[in-house]
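Enquirer: In order, the protein sequences belong to chains A and B. Take the first sequence: its letters are residues 110 to 478, numbered as in our numbering. Take the second sequence: its letters are residues 110 to 478, numbered as in our numbering.
Simulated from the structure, these hints should not be mistaken for lab results. One thing to keep in mind: the hints can contain errors.
Treat identical chains as interchangeable: a pair holds within one or across any two.
Within a straight-line C-alpha distance of at most 27 Å, the following computed DSSO-like cross-link-like pairs (lysine-lysine) qualify [to be verified]:
no., residue 1, residue 2
1, 439, 320
2, 149, 385
3, 385, 429
4, 257, 439
5, 149, 257
6, 149, 429
7, 154, 439
8, 320, 295
9, 154, 278
10, 295, 154
11, 462, 439
12, 278, 211
13, 154, 257
14, 257, 295
15, 278, 439
16, 211, 149
17, 257, 385
18, 149, 295
19, 278, 429
20, 278, 320
The chain contents come next:
Number of protein chains: 2
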Amino acid sequence: MLQLPPAEPGMREDEVDTPALILDLDAFEANLDTMAALLKPTGAKLRAHAKTHKSAVIARLQMQRGAVGQCVQKVGEAEALAQAGINDILVSNEVVEPRKLKRLAALSSIARVQLCADDPAAIPPIEAAAEAAGIRLSVLVEIEVGAKRCGLEPGAPAAELAARIAGSKHLTFGGLQAYYGSAQHKRQPEERRQAIAFAAGCVEQTLDALKTRGLDCPIIGGGGTGTFAHEAASGLWNEIQAGSYAFMDADYARNVEPPPFRQSLFILAQVMSAPKGTGRAVVDVGHKAAPVDSGYPLVAGRPDLAYVGASDEHGVIEAKDGPLPVLGEKLRLVPAHCDPTVDRYDWYVGVRKGRVECLWPVTARGLMT
Amino acid sequence: MLQLPPAEPGMREDEVDTPALILDLDAFEANLDTMAALLKPTGAKLRAHAKTHKSAVIARLQMQRGAVGQCVQKVGEAEALAQAGINDILVSNEVVEPRKLKRLAALSSIARVQLCADDPAAIPPIEAAAEAAGIRLSVLVEIEVGAKRCGLEPGAPAAELAARIAGSKHLTFGGLQAYYGSAQHKRQPEERRQAIAFAAGCVEQTLDALKTRGLDCPIIGGGGTGTFAHEAASGLWNEIQAGSYAFMDADYARNVEPPPFRQSLFILAQVMSAPKGTGRAVVDVGHKAAPVDSGYPLVAGRPDLAYVGASDEHGVIEAKDGPLPVLGEKLRLVPAHCDPTVDRYDWYVGVRKGRVECLWPVTARGLMT
Numbered sequence: 110m111l112q113l114p115p116a117e118p119g120m121r122e123d124e125v126d127t128p129a130l131i132l133d134l135d136a137f138e139a140n141l142d143t144m145a146a147l148l149k150p151t152g153a154k155l156r157a158h159a160k161t162h163k164s165a166v167i168a169r170l171q172m173q174r175g176a177v178g179q180c181v182q183k184v185g186e187a188e189a190l191a192q193a194g195i196n197d198i199l200v201s202n203e204v205v206e207p208r209k210l211k212r213l214a215a216l217s218s219i220a221r222v223q224l225c226a227d228d229p230a231a232i233p234p235i236e237a238a239a240e241a242a243g244i245r246l247s248v249l250v251e252i253e254v255g256a257k258r259c260g261l262e263p264g265a266p267a268a269e270l271a272a273r274i275a276g277s278k279h280l281t282f283g284g285l286q287a288y289y290g291s292a293q294h295k296r297q298p299e300e301r302r303q304a305i306a307f308a309a310g311c312v313e314q315t316l317d318a319l320k321t322r323g324l325d326c327p328i329i330g331g332g333g334t335g336t337f338a339h340e341a342a343s344g345l346w347n348e349i350q351a352g353s354y355a356f357m358d359a360d361y362a363r364n365v366e367p368p369p370f371r372q373s374l375f376i377l378a379q380v381m382s383a384p385k386g387t388g389r390a391v392v393d394v395g396h397k398a399a400p401v402d403s404g405y406p407l408v409a410g411r412p413d414l415a416y417v418g419a420s421d422e423h424g425v426i427e428a429k430d431g432p433l434p435v436l437g438e439k440l441r442l443v444p445a446h447c448d449p450t451v452d453r454y455d456w457y458v459g460v461r462k463g464r465v466e467c468l469w470p471v472t473a474r475g476l477m478t
Numbered sequence: 110m111l112q113l114p115p116a117e118p119g120m121r122e123d124e125v126d127t128p129a130l131i132l133d134l135d136a137f138e139a140n141l142d143t144m145a146a147l148l149k150p151t152g153a154k155l156r157a158h159a160k161t162h163k164s165a166v167i168a169r170l171q172m173q174r175g176a177v178g179q180c181v182q183k184v185g186e187a188e189a190l191a192q193a194g195i196n197d198i199l200v201s202n203e204v205v206e207p208r209k210l211k212r213l214a215a216l217s218s219i220a221r222v223q224l225c226a227d228d229p230a231a232i233p234p235i236e237a238a239a240e241a242a243g244i245r246l247s248v249l250v251e252i253e254v255g256a257k258r259c260g261l262e263p264g265a266p267a268a269e270l271a272a273r274i275a276g277s278k279h280l281t282f283g284g285l286q287a288y289y290g291s292a293q294h295k296r297q298p299e300e301r302r303q304a305i306a307f308a309a310g311c312v313e314q315t316l317d318a319l320k321t322r323g324l325d326c327p328i329i330g331g332g333g334t335g336t337f338a339h340e341a342a343s344g345l346w347n348e349i350q351a352g353s354y355a356f357m358d359a360d361y362a363r364n365v366e367p368p369p370f371r372q373s374l375f376i377l378a379q380v381m382s383a384p385k386g387t388g389r390a391v392v393d394v395g396h397k398a399a400p401v402d403s404g405y406p407l408v409a410g411r412p413d414l415a416y417v418g419a420s421d422e423h424g425v426i427e428a429k430d431g432p433l434p435v436l437g438e439k440l441r442l443v444p445a446h447c448d449p450t451v452d453r454y455d456w457y458v459g460v461r462k463g464r465v466e467c468l469w470p471v472t473a474r475g476l477m478t
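Please model the entire structure based on the sequences and the hints provided.
Expert: Here is the structure:
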C-alpha cells in the first residue's frame, strides 16, 4: 500500500497531517556536522547505522560529510539502500538463511557489501552464495564484547573463525565487529567508559590472536551514539557505527552527560478528543505510531504536559499544571526511541523555521527480511 | 518500498523467510466460524475491527460469515479497505482534521462510511466536509463507558450532541459508540462482567436521554474479544466490534477464562546466532518485528524455551531445561499483542498442514493518517 505524504513543501508545520515524522532540519544538519567534527581528529571514520534512519537521502548526507559507508541490520535494508545508490554497505549482523545470502551476494554487482559471522557453522552457506554468484564476499567476525547478544568469544576462537574465512576461496576476512549495544544507555558516564574499556580489552586480545595467525584486520567496527567517543579515542576502532546521533530520543536524553547532539526528530500529534472535566486530552499517536519499547514519548517544549498512556492509536495527555491542549491542537512529541519510531513511517517531513521544506521517503521502512 | 513476500505457495513452512507473519488457516477459519456461531442466537451483528487484521481478504471472509461491515481507526484504513471492495465501514474513532474529513467524505462514492464524534466543537468541520462533497455523513456519538479515553459523558450531554448532529442538513445521527477497551484484558471474568454491566448502564442512560428528545439510535457499537459475549447478551449492543478473535495473542491468553478462540497468528523467527556456552540463542525477531507494548512473545509449543530480551532486530531465547535451538532453526512465536504486530508486516503467509497455501497482503499496513 503506497502512503501519500502527510504534507507538501511550503506548508506550515501546523498544517501537516498527523501522525507524522517531523525532522527539524537545522538540528539534524547540526548533528551531522557535529559528528563529523568530533571524529575528524581521531582518525576513526563514520559508517553510520542506517537501521536508525533507513533513508538513502540521509545516508548520502552522512557520506558527503565523510562517512565511508553505511551499516544495516537486514539484507532488505542493504538492497533498498544499494538500489538507491549507496555503494558501501556492511550488514553489521549475522545472516544465516541461504535465500537471504543469495540476495546479498547478488547486490555485489551494484555495491560493496560485507556481512558478519559468529559461528563456523555459518560459513558454508556464505561460501556457497559467494561461489554461486562468482564473487568473493567480505565477512567480519563478530565478537562478544559485553552486550550478551550475538558474537563469538574474543581471542583464539574469533581468530580461528577469521582464519577459516581468510582460507576460503570465496571469502575475504573483513575485520572485527565489536559493538557493545547495551553500553549505549548505561546512565552514568563512568559505566559507559568502563564498558568500552572492557570491549577494548576484547578487541586487543583478538588482535593478538589474529597477529599470531598472521592475519590483518581491515575493519574494527563498533560504537554507538552513547559511547562512540570512547571507541574513537581508543586507537583500536576505525569505523564508528553510530546512528541515533542524527535524531536523538528521550531515552538518550536520560543518560547523565548525554551525547552532544540536538533533538531533531519529532512525532507530530493532534488532539482528537478532549473530554470536558476529565483532566485528559487524547492525541492520535498511540503505540503503533510511537513504539513504547523504551517508554512513552515526551511532549516537546511542554514540560507542563505528560504523555501518560498509550493504546494502539491513542495517547493520553495530562497536564501537570495549567491548561490542557484543546481539540485539534497539534503537539510535537519526542520519540522514546528513534529507531523503531522511524520504522513506522513512510515519510520524513523536513521542517525549517516552521515551514515544510522537503519530504524524504523512509527508503527501507519496515523491511523485515 | 515494495516488500516481496517471504514465501511462495507450496513451500514448507520451514522454508519461509524470516521474520514472517504466519497465519494458521485451520485455526483462523475456526475462529471466524466460532464467532459467527456465538453471535447468531444473540441477534447482535459483527462489525469486525480491521485495526487488527488490516486486510481486505480477511474483511471479506468475515462478511461472508455474516459481519455487516468493518470498523477502522484511521481514514487511511477506510480508504484502503473501500478501494479493495469493502462497502460498509465505520471509523470507530474521532476525526477532527479537515484534510482527513475531506478524504473520508470522498470515500462515500464507493462505500458507506460513518465516523464518531465526542465534542460539539468537532461537528462544524464534519458538516463542512459533507457539504463540500454534497453528501450526508452519518456520525455516531462516542460515549465514555469506563475506558477513560475518548468519549462524551453519557446521558444528557451525549443526547445533546446527537440532537446537534440530527439537526444538521449535512449529517445523520448514526447511533452510539460504546466501547470499553481496557475491559478486554481485565484478568478475572467477574471484573469483565462488571465492567460491561457498568457500560450497559451508560448506554441505557443515554438511550433514555435520546428517547426524551425523540431520537432513534440505529447502531449501538462496542465489544471486543475479551467482553463481546456480555455486550451481545445485553440486548443493548447490536454491533460487536471484536477484531483480535480472528488471531488471538499471548495477552488474551493471560485472561482467566480466555475467549474461546485458537491461536492462529504466529511470527516465524530464525536462530541467527547461538554462541557456544552462553546459554542463549538469538533470533531475528526483535521489537521491530514483535512489538513489546504487551510484553514479550512466547515460543509456540515450546514451554521449555523463553523469549527473555528484545532489541531492535534481535530476540534472546533461553532454555528453561533441555537444549537450546540450533543455528538456522526456525521457531514460531506467539505475538504478545496481535494488532501492532500485524501492522509491521506486508504479508500474511497462510499455512495449512505445514505448507504455504496463500499470501495475503496486509492491505492497510502502517497507514498513519
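Enquirer: Run every hint past the structure and note whether it holds.
Expert: So, going through the hints one by one against the coordinates:
In this homomeric assembly, residue 439 and residue 320 never come within 27 Å of each other (Cα to Cα): the closest approach is 59 Å inside a single copy and 37 Å across copies. Neither within a single protomer nor between protomers do residue 149 and residue 385 lie at most 27 Å apart by alpha-carbon distance, with minima of 55 Å and 38 Å respectively. With identical chains, the CA atoms of residue 385 and residue 429 are at most 27 Å apart within one copy only, with a shortest distance of 17 Å there and 51 Å across copies. Only between protomers do residue 257 and residue 439 lie at most 27 Å apart by alpha-carbon distance; the minimum there is 21 Å, versus 41 Å within a single protomer.
In this assembly of identical chains, the alpha carbons of residue 149 and residue 257 never lie at most 27 Å apart, being 31 Å within a copy and 53 Å across copies at closest. Within a single copy, residue 149 and residue 429 get their C-alpha atoms no closer than 44 Å, and across copies no closer than 48 Å, so neither meets the 27 Å cut-off. Neither within a single protomer nor between protomers do residue 154 and residue 439 lie at most 27 Å apart by alpha-carbon distance, with minima of 39 Å and 37 Å respectively. For the homomeric pair residue 320 and residue 295, neither the shortest alpha-carbon distance inside one copy (33 Å) nor that between copies (61 Å) is at most 27 Å.
Taking the shortest alpha-carbon separations for residue 154 and residue 278, neither the intra-copy value of 29 Å nor the inter-copy value of 66 Å comes in at or below 27 Å. In the homo-oligomer, the alpha carbons of residue 295 and residue 154 lie at most 27 Å apart inside one protomer (24 Å), although the nearest pairing across protomers, at 52 Å, exceeds that limit. In this homomeric assembly, residue 462 and residue 439 come within 27 Å of each other (Cα to Cα) only inside a single copy, at 16 Å, whereas the closest approach across copies is 50 Å. Taking CA atoms no more than 27 Å apart as the test, residue 278 paired with residue 211 passes inside one copy only; the shortest distance there is 17 Å, against 62 Å between copies.
Within a single copy, residue 154 and residue 257 get their C-alpha atoms as close as 26 Å, which meets the 27 Å cut-off; across copies the closest is 51 Å, which misses it. In this homomeric assembly, residue 257 and residue 295 come within 27 Å of each other (Cα to Cα) only inside a single copy, at 14 Å, whereas the closest approach across copies is 36 Å. In this homomeric assembly, residue 278 and residue 439 never come within 27 Å of each other (Cα to Cα): the closest approach is 59 Å inside a single copy and 30 Å across copies. In this assembly of identical chains, residue 211 and residue 149 lie within 27 Å of each other by CA distance neither inside one copy nor across copies; the values are 37 Å within and 51 Å between.
Only between protomers do residue 257 and residue 385 lie at most 27 Å apart by alpha-carbon distance; the minimum there is 12 Å, versus 49 Å within a single protomer. For a Cα distance limit of 27 Å, the shortest separation of residue 149 from residue 295 inside one copy, 25 Å, qualifies, whereas the shortest one across copies, 56 Å, does not. For a Cα distance limit of 27 Å, the shortest separation of residue 278 from residue 429 qualifies neither inside one copy, at 65 Å, nor across copies, at 41 Å. Proximity of residue 278 to residue 320 under the C-alpha cut-off of 27 Å is restricted to the intra-copy arrangement: shortest distance 21 Å within a copy versus 84 Å between copies.
Hint compliance for this structure: hints 1, 2, 5, 6, 7, 8, 9, 15, 16, 19 are not met, and every other hint is.
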